[in-house]
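Asker: One line per chain: the protein sequences are A and B, in this order. Under the working numbering, think of the first position of the first sequence as 1, with each following residue one higher. Under the working numbering, think of the first position of the second sequence as 248, with each following residue one higher.
It is possible that part of the hints are untrue.
What the hints assert, rightly or not - Capping the alpha-carbon separation at 25 angstroms, the derived lysine-lysine pairs in BS3-like fashion look like this:
#1 K224(A) <-> K478(B)
#2 K87(A) <-> K417(B)
#3 K488(B) <-> K244(A)
#4 K417(B) <-> K324(B)
#5 K244(A) <-> K364(B)
#6 K3(A) <-> K76(A)
#7 K400(B) <-> K224(A)
#8 K417(B) <-> K131(A)
#9 K57(A) <-> K110(A)
#10 K332(B) <-> K249(B)
#11 K478(B) <-> K400(B)
#12 K262(B) <-> K136(A)
#13 K478(B) <-> K136(A)
#14 K226(A) <-> K249(B)
#15 K386(B) <-> K87(A)
Said to hold, decoys possible - Derived coverage of chain B by chain A (criterion: at least 3 residues anywhere in the stretch with Cβ under 8 angstroms from a Cβ of chain A; other residues may be distant):
#16 275–287
#17 342–355
#18 404–416
Derived by calculation from the structure, the hints in this document are not laboratory data. A virtual CB, placed ideally from N, CA and C, is assigned to each residue, including glycine.
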Amino acid sequence: MSKELVISTQKLTKKFGEFVAVNEITFDVRKGEIFGFLGANGAGKTTAMRMLCGLSKPSAGEAKVAGFNVYNQAEKIKQNIGYMSQKFSLYEDLTVIENIRFFGGIYGLKPKEISNRSNELINSLALDQQKNILVKSLPLGWKQKLAFSVAIIHNPKIVFLDEPTGGVDPVIRRQFWDMIYQAVDDGITVFVTTHYMDEAEYCDRISMMVDGDLAALDSPANLKQKFAVESMDQVFYELARGAKRGD
Amino acid sequence: MKEVRLDSISKSYLKGQMAIDHVSFEVNCGELFGLIGPDGAGKTTLFRILTTLLLADSGSAIVSGNDVVKDYKNIRKSVGYMPGKFSLYQDLTVRENLHFFATMFNTTIEENYELVKEIYFQIEPFNQRRAGNLSGGMKQKLALCCALIHNPKVLFLDEPTTGVDAVSRKEFWEMLKRLKDKGITILVSTPYMDEASLCEKIALIQEGKILSVDTPSAIIAQYPKQLYAVKSHQMGKLLDKLRRTPEIDSANAFGEYHHITFVEDKPIEKEQLAQLLQLNEELIMTNTTPTIEDCFIDLMKAS
Chain A
1 MSKELVISTQ KLTKKFGEFV AVNEITFDVR KGEIFGFLGA NGAGKTTAMR
51 MLCGLSKPSA GEAKVAGFNV YNQAEKIKQN IGYMSQKFSL YEDLTVIENI
101 RFFGGIYGLK PKEISNRSNE LINSLALDQQ KNILVKSLPL GWKQKLAFSV
151 AIIHNPKIVF LDEPTGGVDP VIRRQFWDMI YQAVDDGITV FVTTHYMDEA
201 EYCDRISMMV DGDLAALDSP ANLKQKFAVE SMDQVFYELA RGAKRGD
Chain B
248 MKEVRLDSIS KSYLKGQMAI DHVSFEVNCG ELFGLIGPDG AGKTTLFRIL
298 TTLLLADSGS AIVSGNDVVK DYKNIRKSVG YMPGKFSLYQ DLTVRENLHF
348 FATMFNTTIE ENYELVKEIY FQIEPFNQRR AGNLSGGMKQ KLALCCALIH
398 NPKVLFLDEP TTGVDAVSRK EFWEMLKRLK DKGITILVST PYMDEASLCE
448 KIALIQEGKI LSVDTPSAII AQYPKQLYAV KSHQMGKLLD KLRRTPEIDS
498 ANAFGEYHHI TFVEDKPIEK EQLAQLLQLN EELIMTNTTP TIEDCFIDLM
548 KAS
C-alpha cells in the first residue's frame, strides 16, 4: 500500500445548532486501501460521509479528499470521487445503457470515452441481452453490480459505498466484493459502510463511530486482539453498546 | 396446533415470472418463525397474501383457522402486520396513531397496555410528536405498538431489522422473544442470514421458492459435506487459487476465513493442500460448522 493519502481529516466537526453530529474526527485513508466506516444508527456516519463528498460544509476542522479541500474545492472533489448507496444508485426508469451514458456524462467523460466505457461495462457484466431494458426490471443483485461499475466509470481516485450489499443474496454479495477487490487492483481506494460484520473483515482498516466520535481505528485483527474477542461482531457490540445516541 | 398453513401458494405479477412458486409450509401456534431470503425472493408478497392484502393465483392458506380468501374479515381482525415500509400516519402524533389503530380494532390503548408497555415506554416521552418527525428506530417501535394494540394472535413483521445496526437488532430480537413468551405467533422476514439462529424455525426462500424449512440446527445438520475454514496472509490470492483447484468443490469468503469443501467430500491434508496451491506462506486450516449462510449458498447452487 502506498503512503499517498486520499483522505486526510483533522478534527473534522459538524454541528446542527447545539447538536454535535460529528465531533473532531481525525483520520487518514491511504491510496489503494479498503477503509471500512462503521457505527451504530445515528452515530454520525452519513453526516461525515456527506462532508467528505463535498455535499455538506464542516462546522470546524480540516479535510482533504483526493487532494482537494472540502471547504472551497467541493466541485473538484465531486469530479474525483464515485458514490453509490443502497438507497439511490441508478435511475429505474432509464435503461441499462441509458444509465451508463447518463452517469458517464455526469462524471464528465467525453462522448468517445462514454461509448468505449459503455461497451466495456456491458461486456464485463455480461449484460448484452439486457442493455435495452429498464433498470427497474433488473434483479437487485445485477442492479447493485451495475451501480458499482457506473460509480467508477470515470476511474475516480476514491469510491464511497454506502451499504452497497444490503439485502443482496449471499452469492452476489461475494461477487460484489470480488468487484471491490478488482477496483482496488486498478488503483481505486474504497471507503465502505456495511451492517454485515463478515464484510468488515474484508477491509484493510476499520473505523468505528460512536455518538459522533471516532471511537476506534485499526485493522480487524488488531481490533479483535485489543478487545480480546473472536469476531468483529463482538468488537462492534463492545464499542456500540455504550452509545447514548440512538436512531 | 398449526397457526398458519400454506398449501402450494403461487403468485405471478408479470407473465411467466413467478413471484411465489408453489410455496407450502406450516407455522406452529406460539412459534417464532423466520422467513429468510434476499430482496426480491418473495417475502413481502407472501406476507401480503397471508394478511389478505393480495390474492394468490393458486393454492390455499389458513391463518388462525381462517381461509385467506373466504374468511378474510376474520383474519384482518386477528393478525397484526408491520410492513417493511413505514406506513403509519405521518401527520398524526405518536399518541394519535396508537389511539387510531386501537379504535379501528374496537379496543382502547388502556385495555391492551400491558402488551405494548415495554415498547411504548420508550417512545412515550415523544407522545406529542408527529410520526413523520420521529427517527428510524422510534418509527419502528411505534409501528410495532400499532401492530400489537389489538392483541393479535399472529404477528407479521416484514423486515423489521433492515438497515438497523447490530446492537439495535439484538435488542429488537430480545423484544420479539418476550412477545413470543406472551403466546403470540410471530412470522418475521429478514435478509440477514445471521438472524436465522434466533428463530425457532426458519424457511429459506430464494426466487419465490422455498429452499428448506426446518429448525436452524436441523438445516445446519443437513449440510451435505464437511466444511473447512482456511486462512493465509493474502486472502484475495488464496481465494483465487482455491477456486482454480479441481480438488476443491466450493470456496467462499466468510469474513476472516474462506470456507471450502472438497470434491466428493475427500479432504486433503493441510500440507498437501498448501503444496497444491503453491503457497509460499503458512496455511491455516480447521474443521468448521456451517452457518445458515453456508447452507443457503449450497441450497441455491443445488436448486
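Asker: Is the Cα-Cα distance between K3(A) and K76(A) 25 angstroms or less?
Answerer: holds, 22 angstroms
Asker: Check, residue by residue, whether the stretch 342–355 of chain B contains three or more positions whose beta-carbon lies closer than 8 angstroms to a beta-carbon of chain A, and give the verdict.
Answerer: This one is violated; 0 residues, fewer than the three required, reach chain A with a Cβ under 8 angstroms.
Asker: Does K332(B) pair with K249(B) here, judged by a C-alpha cut-off of 25 angstroms?
Answerer: At roughly 28 angstroms apart (the allowed maximum being 25 angstroms), K249(B) and K332(B) break the hint.
Asker: Regarding the pair K57(A) and K110(A), is the alpha-carbon distance no greater than 25 angstroms?
Answerer: violated, 30 angstroms
Asker: Can the restraint linking K87(A) and K417(B) be considered satisfied, given a maximum Cα separation of 25 angstroms?
Answerer: Given that 25 angstroms is the threshold and the Cα spacing comes to 23 angstroms, the pair holds.
Asker: Straight-line Cα separation of K224(A) and K478(B) no greater than 25 angstroms?
Answerer: Given that 25 angstroms is the threshold and the Cα spacing comes to 16 angstroms, the pair holds.
Asker: Please work out if K478(B) and K136(A) have their alpha carbons no farther apart than 25 angstroms.
Answerer: violated, 39 angstroms
Asker: Keeping to a limit of 25 angstroms between CA atoms, is the pair of K386(B) and K87(A) held or broken?
Answerer: The given pair, whose Cα atoms are some 18 angstroms apart, holds under the 25 angstroms limit.
Asker: For the stretch 404–416 of chain B, count the residues whose Cβ lies under 8 angstroms from any Cβ of chain A; is that count three or more?
Answerer: Holds, because 7 residues of the stretch 404–416 of chain B bring their Cβ atoms closer than 8 angstroms to Cβ atoms of chain A.
Asker: Check whether three or more residues of the stretch 275–287 of chain B sit with their beta carbon closer than 8 angstroms to a beta carbon of chain A.
Answerer: holds (count 4)
Asker: Given the hint that K478(B) pairs with K400(B), test it: the Cα-Cα distance must not exceed 25 angstroms.
Answerer: violated, 48 angstroms
Asker: Straight-line Cα separation of K417(B) and K131(A) no greater than 25 angstroms?
Answerer: It is violated: about 41 angstroms lies between the C-alpha atoms, which goes past 25 angstroms.
In summary, the structure is inconsistent with hints 3, 4, 7, 8, 9, 10, 11, 13, 14 and 17 from the numbered list given earlier, while agreeing with the others.
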